[in-house]
Amino acid sequence: MTELTLDPAWHFAVIGDPVAHSKSPQMQNAALCELGFGPCYGKLQVAAADLPAFVAAARKQLRGFNVTVPHKRAILPFLDRIDPEAELGQSVNTVTVEPDGSLSGASTDGYGLAMAIRERFQLEVAGGSFTFFGAGGAAQAAALHFALQGARALYLVNRTRSRLEALAAILARANPKLELQLAAPGDEARIEQFLRASQLVIQATSLGLRPDDPPPFRLELLKVNPGLRAVETIYHPTPFRRTCEAFGLPVTDGRGMLLHQGARSLELWLGQPAPVATMRRALEEALCGE
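Per this note's numbering: the sequence shown = residues -7 to 282.
Think of the hints as simulated: they come from the structure by calculation, not from any bench.
Warning: the hint list may mix true and false statements.
The calculated EDC-like cross-link candidates involving lysine to aspartate or glutamate, where the alpha carbons are at most 16 Å apart (straight line), are [unchecked claim]: (1) Lys52 <-> Asp(-1); (2) Lys215 <-> Glu237; (3) Lys52 <-> Glu90; (4) Lys215 <-> Glu184.
With the hints as extra help, turn the sequences into a complete structure.
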């Protein structure tokens, strides 16, 4: 197996491929400095072939690491323990390196979104109704967390039917009482029905990352529910976010989710509360510097 050497100053890190865009180091290092640890969180691009070498190095040196795309599922075989939510969703974004070098995996993505909407909209997941556009990555983790936390209804819209049905099967196992309905992006009648019945819509596809991306659905449909609130998981302004603002719908972007999932990761590693206000300031500064 190829050996991999980590920066000796690191106690924590985020890995992905790519990972250069990640703002986690700025956010986490601000917190770690406030807590007296110093700037000991790094980021490392790890190709799939190098994942075994990274894990071997992490067991020896790190106290914990975050995992982003495309490794949230690929990391699972390397873990010694996985919490039940991450096991059910087959997605891990937070790994704790125990003192004996064993690895414990968890997912904080869904928690991060739940905390973000509580903070921004004073909206609780339990008993709520939500429409998700997208069924991969963070959308899957968030939808599963919502199901486990007692959401009343989840409406899922995605291009790939097989992925949608696989996610629906997981959600049904997690919460047999959950109202669960599925649609394709072109099924405007069902999407309108979903939006009318929802308290919140979450745009969790990658559409909007590029300037010429089409919207995830016909955005005029957002007008059907004046009480609707919205989350755009992409940080920069997108057609979805701008349309919500133009229609007067309360909307927030993905930075709240990033903040709170990162804070929860830190709490899992350190066993103490994260300085969320400090992390928020650092994240805002990092995003403003782009």
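*In rising order, the numbers of the hints this structure does not comply with*: Per hint list: zero violations.
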